[in-house]
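Number of protein chains: 2
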Amino acid sequence: MNKLLIVGTVAFDAIETPFGKTDKILGGAGTYIGLAASNFDVKSAIVSVVGEDFPQEYLDLLTDRNIDISGIEVVKGGKTFFWSGKYHNDLNSRDTLDTQLNVLADFKPVVPTDFKDADVVMLGNLHPLVQSSVLDQMEVKPKLVVLDTMNFWMDCALPELMDIIKRVDVITINDEEARQLSGEYSLVNAAAKIHAMGPKFVVIKKGEHGALAFEGENVFFAPALPLKEVFDPTGAGDTFAGGLSGFIAQSENASFENLKNAIIYGSNLASFCVEKFGTERMLNLSDAEVNARLQQFKSLTQFDIELNK
Amino acid sequence: MNKLLIVGTVAFDAIETPFGKTDKILGGAGTYIGLAASNFDVKSAIVSVVGEDFPQEYLDLLTDRNIDISGIEVVKGGKTFFWSGKYHNDLNSRDTLDTQLNVLADFKPVVPTDFKDADVVMLGNLHPLVQSSVLDQMEVKPKLVVLDTMNFWMDCALPELMDIIKRVDVITINDEEARQLSGEYSLVNAAAKIHAMGPKFVVIKKGEHGALAFEGENVFFAPALPLKEVFDPTGAGDTFAGGLSGFIAQSENASFENLKNAIIYGSNLASFCVEKFGTERMLNLSDAEVNARLQQFKSLTQFDIELNK
Numbered sequence: 001m002n003k004l005l006i007v008g009t010v011a012f013d014a015i016e017t018p019f020g021k022t023d024k025i026l027g028g029a030g031t032y033i034g035l036a037a038s039n040f041d042v043k044s045a046i047v048s049v050v051g052e053d054f055p056q057e058y059l060d061l062l063t064d065r066n067i068d069i070s071g072i073e074v075v076k077g078g079k080t081f082f083w084s085g086k087y088h089n090d091l092n093s094r095d096t097l098d099t100q101l102n103v104l105a106d107f108k109p110v111v112p113t114d115f116k117d118a119d120v121v122m123l124g125n126l127h128p129l130v131q132s133s134v135l136d137q138m139e140v141k142p143k144l145v146v147l148d149t150m151n152f153w154m155d156c157a158l159p160e161l162m163d164i165i166k167r168v169d170v171i172t173i174n175d176e177e178a179r180q181l182s183g184e185y186s187l188v189n190a191a192a193k194i195h196a197m198g199p200k201f202v203v204i205k206k207g208e209h210g211a212l213a214f215e216g217e218n219v220f221f222a223p224a225l226p227l228k229e230v231f232d233p234t235g236a237g238d239t240f241a242g243g244l245s246g247f248i249a250q251s252e253n254a255s256f257e258n259l260k261n262a263i264i265y266g267s268n269l270a271s272f273c274v275e276k277f278g279t280e281r282m283l284n285l286s287d288a289e290v291n292a293r294l295q296q297f298k299s300l301t302q303f304d305i306e307l308n309k
Numbered sequence: 001m002n003k004l005l006i007v008g009t010v011a012f013d014a015i016e017t018p019f020g021k022t023d024k025i026l027g028g029a030g031t032y033i034g035l036a037a038s039n040f041d042v043k044s045a046i047v048s049v050v051g052e053d054f055p056q057e058y059l060d061l062l063t064d065r066n067i068d069i070s071g072i073e074v075v076k077g078g079k080t081f082f083w084s085g086k087y088h089n090d091l092n093s094r095d096t097l098d099t100q101l102n103v104l105a106d107f108k109p110v111v112p113t114d115f116k117d118a119d120v121v122m123l124g125n126l127h128p129l130v131q132s133s134v135l136d137q138m139e140v141k142p143k144l145v146v147l148d149t150m151n152f153w154m155d156c157a158l159p160e161l162m163d164i165i166k167r168v169d170v171i172t173i174n175d176e177e178a179r180q181l182s183g184e185y186s187l188v189n190a191a192a193k194i195h196a197m198g199p200k201f202v203v204i205k206k207g208e209h210g211a212l213a214f215e216g217e218n219v220f221f222a223p224a225l226p227l228k229e230v231f232d233p234t235g236a237g238d239t240f241a242g243g244l245s246g247f248i249a250q251s252e253n254a255s256f257e258n259l260k261n262a263i264i265y266g267s268n269l270a271s272f273c274v275e276k277f278g279t280e281r282m283l284n285l286s287d288a289e290v291n292a293r294l295q296q297f298k299s300l301t302q303f304d305i306e307l308n309k
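Chains as they are written, first to last, in this note's numbering: chain H, 1 to 309; chain Z, 1 to 309.
One chain only, chain H, in its complex shape (with noise of 0.2 Å):
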């Protein structure tokens, strides 16, 4: 079985939408990336730290999932990190309320040995040298490499998210973060500009409205579901990155044909993980339920024009 190496927040939110709020409950990037790629037949580990007050439960949810968590440090005395925000009425934007950093401060990665050869690493959006760190660890090179990063990382410390983006095979970024990157208004010409600081893949994520992917000249849109209602978009964006990922792990084909494929996935994942508050949705998710979506996205995007004269 393929392995699939994660790195990412481990994590707290508190999360207000519309819809109503919650107390401290399970986040972080590597969470939902795991229990995204926990839905393939790939072999996954977390590389991450929480603090003593971590309940061991929500540990047991990953291991349960069968996500190795060896690589999970858990400070003594230590406070987790916590994030709390609060969504705005349309759910496309969202205040910060609270950032405590705690453990993460001071986070230095540790690959468990078992995963030194990984075929796919996901590297989940934290500060570059974290992710670079993981990279430097690797004994045998990674068939792929997937970063996530945000513009916080751009504001403040665009030299090593430089040196990050240069050892990668995908980036995933969206949209506005796409343009701050490249200085360019078309994601076309940001995805070119993106390809040439290293990336083979450039995927653009624009929320509601989908996603781009580019290699080169070639590009793939993959729409978001049109949904009746979105409850919490907390962790989507991890979400769809933990299905993409877990899909070219399983795959073992990292072609950009079997990319549209991936993105495909990880978009049908994003669209549960919307559906409730914080990973409620991903604890409960069966083959059947997923299956079915995959068909919803076929019918959604797929015609059979004939070309007209």
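Worth flagging that the hints you see were computed from the coordinates, not collected in a lab. A hint or two may mislead.
To be verified - Once the Cα atoms are required to be at most 25 Å apart in a straight line, the calculated SDA-like pairs of lysine to any residue come out as:
{"no.": "1", "chain 1": "H", "residue 1": "LYS86", "chain 2": "H", "residue 2": "GLU229"}
{"no.": "2", "chain 1": "Z", "residue 1": "LYS206", "chain 2": "H", "residue 2": "SER299"}
{"no.": "3", "chain 1": "H", "residue 1": "LYS206", "chain 2": "H", "residue 2": "ASN291"}
{"no.": "4", "chain 1": "H", "residue 1": "LYS143", "chain 2": "Z", "residue 2": "ASP304"}
{"no.": "5", "chain 1": "H", "residue 1": "LYS200", "chain 2": "H", "residue 2": "HIS127"}
{"no.": "6", "chain 1": "H", "residue 1": "LYS143", "chain 2": "H", "residue 2": "PRO233"}
{"no.": "7", "chain 1": "H", "residue 1": "LYS276", "chain 2": "H", "residue 2": "ASP64"}
{"no.": "8", "chain 1": "H", "residue 1": "LYS276", "chain 2": "H", "residue 2": "PRO233"}
{"no.": "9", "chain 1": "Z", "residue 1": "LYS79", "chain 2": "Z", "residue 2": "PRO55"}
{"no.": "10", "chain 1": "Z", "residue 1": "LYS206", "chain 2": "H", "residue 2": "ASN89"}
{"no.": "11", "chain 1": "Z", "residue 1": "LYS24", "chain 2": "Z", "residue 2": "MET150"}
{"no.": "12", "chain 1": "Z", "residue 1": "LYS298", "chain 2": "H", "residue 2": "VAL140"}
{"no.": "13", "chain 1": "H", "residue 1": "LYS276", "chain 2": "Z", "residue 2": "ALA192"}
{"no.": "14", "chain 1": "H", "residue 1": "LYS108", "chain 2": "H", "residue 2": "VAL140"}
{"no.": "15", "chain 1": "H", "residue 1": "LYS206", "chain 2": "Z", "residue 2": "GLU217"}
{"no.": "16", "chain 1": "Z", "residue 1": "LYS228", "chain 2": "H", "residue 2": "LYS108"}
{"no.": "17", "chain 1": "H", "residue 1": "LYS193", "chain 2": "Z", "residue 2": "GLU229"}
{"no.": "18", "chain 1": "H", "residue 1": "LYS43", "chain 2": "H", "residue 2": "PRO112"}
{"no.": "19", "chain 1": "Z", "residue 1": "LYS298", "chain 2": "H", "residue 2": "LYS108"}
{"no.": "20", "chain 1": "H", "residue 1": "LYS206", "chain 2": "Z", "residue 2": "GLU184"}
{"no.": "21", "chain 1": "H", "residue 1": "LYS206", "chain 2": "Z", "residue 2": "ALA254"}
{"no.": "22", "chain 1": "H", "residue 1": "LYS298", "chain 2": "Z", "residue 2": "ASP95"}
{"no.": "23", "chain 1": "H", "residue 1": "LYS3", "chain 2": "H", "residue 2": "ASP64"}
{"no.": "24", "chain 1": "Z", "residue 1": "LYS79", "chain 2": "Z", "residue 2": "ASP95"}
{"no.": "25", "chain 1": "H", "residue 1": "LYS298", "chain 2": "Z", "residue 2": "LEU294"}
{"no.": "26", "chain 1": "H", "residue 1": "LYS298", "chain 2": "Z", "residue 2": "ALA254"}
{"no.": "27", "chain 1": "H", "residue 1": "LYS228", "chain 2": "H", "residue 2": "PRO18"}
{"no.": "28", "chain 1": "Z", "residue 1": "LYS298", "chain 2": "H", "residue 2": "ASP304"}
{"no.": "29", "chain 1": "H", "residue 1": "LYS206", "chain 2": "Z", "residue 2": "ILE305"}
Said to hold, decoys possible - Here are the simulated distance ranges between beta carbons:
{"no.": "30", "chain 1": "H", "residue 1": "SER93", "chain 2": "Z", "residue 2": "MET1", "range": "49 to 55 Å"}
{"no.": "31", "chain 1": "H", "residue 1": "LYS21", "chain 2": "Z", "residue 2": "ASP41", "range": "55 to 61 Å"}
{"no.": "32", "chain 1": "Z", "residue 1": "LYS143", "chain 2": "H", "residue 2": "TYR185", "range": "38 to 44 Å"}
We put the CB at the ideal spot given by N, CA and C, even for glycine.
Position chain Z against the provided structure of chain H, taking the given hints into account.
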């Protein structure tokens, strides 16, 4: 050959974009719809009104493309409808600088006798009473009636708008307008409410984010082609509607499956429209270019995923 009846403005536009500005040039919804529809093997006619100031060469451009202009009234001593607008840097929003209704203020559409049995009627964005008057003149029930409208009529003529919406098969409307008309934020819920107002098919235009089509529970999504550069968005929505209605008129098939193809065709033509100022690109467009871009739409959206387990 099937007949397509178009009602819409034939007008002057003056456009300013970040890339330059134009003097008074040929514009109007009817013009763009007609030019788009002229890419199909259909017999089409435009019902509209212009002033005596309207150049014969502009009318000739339409007749050269086999568009029947006997329904375009030329008002002696009258001045043609004029719109002037300036696009913002992102090209997604614009300010109207000037609107001179002129002859449009008293427009009484007259459907040419030969088109009172048109197979498809495309009601371009105009006062709902003008749109209704065109339908009232039909002697044979059209196989398909397509309505385009905008927020302006929701604000100023809502009862009349609701009356015409009841009578059409397809409504094309942008996302913000769909939300305004339905009072629903989710486009899925908005489409359901608009269905209940009458139209069997609801097409929601999202500009650079593509278009959604609904028929009850069935949904289809067509992306906009990602472009290096959008030069002038004027007329893109009308070109989309013209491509859609022209394709259906030609293919004599008003099923949802064929509407999908029609929407791809409309998106395809719209992707050319925005490449130059005004109608310039639509007036210089070859079948080979259109067909090549249809292939791009296929590779942009088609995938061949297998179910996971």
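Looking back at the hints listed earlier, which ones does the structure fail to meet? Hints 6, 12, 16, 19, 21, 22 not satisfied by this model.
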